[in-house]
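2 protein chains.
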Amino acid sequence: MPRWKKVAIVGVGLIGGSIGLALRKRKLAKEVVGVGRRAASLRAAEQAGAVTATTLDLASGVQNAEFVVICTPVSGIVEQVREAALHCAAGAIITDAGSTKEHIVAALPSKFSRDVAFIGSHPMAGGEKSGPENASADLFVGRRVIVTPKRGGAPKKLKELVAFWLSLGAETIKMSPAAHDAAVAAISQTPHLIVAALAAATSLQHISLASTGFQDTTRIAAGDADLWRQILADNRDHVLKSLDKFETVLASFRQSLENDDHQKLKRLLETGKKHRDAVGD
Amino acid sequence: MPRWKKVAIVGVGLIGGSIGLALRKRKLAKEVVGVGRRAASLRAAEQAGAVTATTLDLASGVQNAEFVVICTPVSGIVEQVREAALHCAAGAIITDAGSTKEHIVAALPSKFSRDVAFIGSHPMAGGEKSGPENASADLFVGRRVIVTPKRGGAPKKLKELVAFWLSLGAETIKMSPAAHDAAVAAISQTPHLIVAALAAATSLQHISLASTGFQDTTRIAAGDADLWRQILADNRDHVLKSLDKFETVLASFRQSLENDDHQKLKRLLETGKKHRDAVGD
Chain A
9 MPRWKKVAIV GVGLIGGSIG LALRKRKLAK EVVGVGRRAA SLRAAEQAGA
59 VTATTLDLAS GVQNAEFVVI CTPVSGIVEQ VREAALHCAA GAIITDAGST
109 KEHIVAALPS KFSRDVAFIG SHPMAGGEKS GPENASADLF VGRRVIVTPK
159 RGGAPKKLKE LVAFWLSLGA ETIKMSPAAH DAAVAAISQT PHLIVAALAA
209 ATSLQHISLA STGFQDTTRI AAGDADLWRQ ILADNRDHVL KSLDKFETVL
259 ASFRQSLEND DHQKLKRLLE TGKKHRDAVG D
Chain B
9 MPRWKKVAIV GVGLIGGSIG LALRKRKLAK EVVGVGRRAA SLRAAEQAGA
59 VTATTLDLAS GVQNAEFVVI CTPVSGIVEQ VREAALHCAA GAIITDAGST
109 KEHIVAALPS KFSRDVAFIG SHPMAGGEKS GPENASADLF VGRRVIVTPK
159 RGGAPKKLKE LVAFWLSLGA ETIKMSPAAH DAAVAAISQT PHLIVAALAA
209 ATSLQHISLA STGFQDTTRI AAGDADLWRQ ILADNRDHVL KSLDKFETVL
259 ASFRQSLEND DHQKLKRLLE TGKKHRDAVG D
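Protein sequences appear in the order of chains A and B.
Just so we're aligned: 163 in this note's numbering is position 155 of the first sequence, and the numbers increase by one with no gaps anywhere.
Just so we're aligned: 223 in this note's numbering is position 215 of the second sequence, and the numbers increase by one with no gaps anywhere.
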């Protein structure tokens with residue numbers, strides 16, 4: 009018997025589509041409704057088998073849903089959670105997949121009326137590819153999902169949210185929204201900004217000579233520009249703090265090179281290598 | 009019948025070992041002698057089938073060799089080319105695989121006595137892995153090798169050098185040493201320095217949360233620190249120029265974020281994406 013009678017997914021791109029595929033492949037939900045703003049995306053998600061029904065109307069899409077996942081760009085999430093909370097099943101859990109959490113969690117209560125709860129999530133999956141056509145039922149297998157409950161939220165609801173992500177094959181990590189945002193600024197958003205600047209600063213003539221190293225280094229800069237503008241703007245303060253730290257370290261590298269201080273340059277490169285080696289292949 | 013009776017490879021790491029494997033797999037050389045400073049590396053190269061004989065002595069290793077490839081770190085190349093020129097076969101071609109060219113080419117004549125010629129090469133292959141144990145007979149297939157002949161060098165020798173790289177499956181591009189060094193500063197060395205600084209600036213606690221994006225972005229920072237110190241120092245002026253350009257563009261990104269100038273931030277991200285997309289997957 010499926011664990012959920014009805015799950016609604018608002019936004020059926022890479023993440024939303026993959027959640028739908030994972031739920032259906034694992035027979036976790038009887039009904040998976042995709043809510044979107046464009047009929048074409050909804051059709052693509054339906055054809056991919058990610059959803060069992062689709063609608064352009066959020067209110068009717070989440071009706072009777074016990075579980076709602078908002079997978080839209082960060083700028084619209086707060087409003088959509090509020091609307092979903094009005095129309096979903098009593099006792100439902102609403103979560104999101106936004107890559108920043110502090111603004112979203114601060115703007116929303118953890119408890120709505122009718123025992124509806126909101127707890128933020130951030131699945132650390134995806135990449136530069138987007139859209140339901142790149143979705144996969146196994147996108148979350150072995151990947152981490154950070155959950156960011158608000159103080160005073162119901163532990164039972166958190167347990168249910170964790171169970172949701174575990175059932176898709178993910179591991180979960182609990183963090184405060186602020187700690188989450190500092191972490192993703194450091195490992196995702198600031199790196200994005202830096203390599204986007206690197207790619208933009210490299211002439212197309214030189215780029216024509218580039219090979220695997222440059223390809224790997226700048227891969228994330230291929231992400232959708234408007235989506236990343238939103239993410240960067242939404243996590244501005246943490247990104248600027250990470251950027252300060254990067255610029256300070258980069259200035260040390262520059263100085264050691266300018267001063268022909270080979271000992272220092274080597275030490276800095278060794279620190280970079282040590283930190284890189286800690287990520288694994 | 010093999011094209012060359014004897015090829016000598018000085019330095020049998022990833023590049024030297026791969027040249028040996030490629031020559032032997034394609035039956036291009038009757039004898040491939042590996043010259044090195046450490047008996048263990050030479051044994052590893054011999055066991056891998058990259059060379060038919062080994063020696064710790066450069067002079068005897070290059071004796072009678074019609075083709076000599078110096079695959080050692082950039083700081084020792086000039087001296088080794090000079091010594092090889094004294095002892096190799098008359099009419100031989102000496103090339104190298106160093107990733108900077110201006111200093112090396114400037115320090116050496118293109119013609120030595122006994123019709124021995126030196127022409128610089130830079131195979132754009134390899135990566136963060138090093139050592140003969142990672143060598144591959146197909147490392148150069150479809151990869152580019154930049155050749156940097158000096159003005160006044162013999163066209164016949166250049167033709168022979170080009171034929172050498174083509175026979176290993178590579179394509180060649182002819183550039184001036186200065187244009188080469190500016191290009192590799194832009195697409196290889198400055199990116200290395202930047203992502204080494206990024207990795208060094210990211211706390212190990214945050215790194216423990218990192219996933220594929222950060223892995224790809226910082227992959228090249230896993231390269232050997234001492235080797236990269238040499239490469240960066242050797243191409244210092246071009247690297248500092250590329251770094252200036254990067255810092256100017258990064259400052260625009262920072263400013264657009266600080267000023268909440270979403271239009272400008274989006275435009276900058278779009279330029280980054282356009283340049284990244286030009287590299288291919």
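The hints are simulated quantities; they were obtained by calculation from the structure and are not laboratory data.
Small disclaimer: the values here were computed from a predicted structure and weren't measured.
Do not rely on the hints blindly, as some may be mistaken.
Put simply, identical chains are the same to the list, so a pair is met inside one copy or across any two.
Taking lysine to aspartate or glutamate pairs in the EDC-like style, the calculated list, with each CA pair at most 16 Å apart, reads [as the list claims (entries may be wrong)]:
no.: 1; residue 1: LYS35; residue 2: ASP234
no.: 2; residue 1: LYS282; residue 2: ASP234
no.: 3; residue 1: LYS13; residue 2: GLU39
no.: 4; residue 1: LYS158; residue 2: ASP65
no.: 5; residue 1: LYS158; residue 2: ASP252
no.: 6; residue 1: LYS158; residue 2: ASP245
Do the hints match the structure? See the list:
{"no.": "1", "hint": "LYS35 with ASP234", "result": "neither (35 Å within a copy, 53 Å between copies)"}
{"no.": "2", "hint": "LYS282 with ASP234", "result": "between (34 Å within a copy, 13 Å between copies)"}
{"no.": "3", "hint": "LYS13 with GLU39", "result": "within (6 Å within a copy, 72 Å between copies)"}
{"no.": "4", "hint": "LYS158 with ASP65", "result": "neither (28 Å within a copy, 69 Å between copies)"}
{"no.": "5", "hint": "LYS158 with ASP252", "result": "neither (29 Å within a copy, 44 Å between copies)"}
{"no.": "6", "hint": "LYS158 with ASP245", "result": "neither (20 Å within a copy, 52 Å between copies)"}
Checked against the numbered hints listed earlier, the structure breaks hints 1, 4, 5, 6; every other hint is satisfied.
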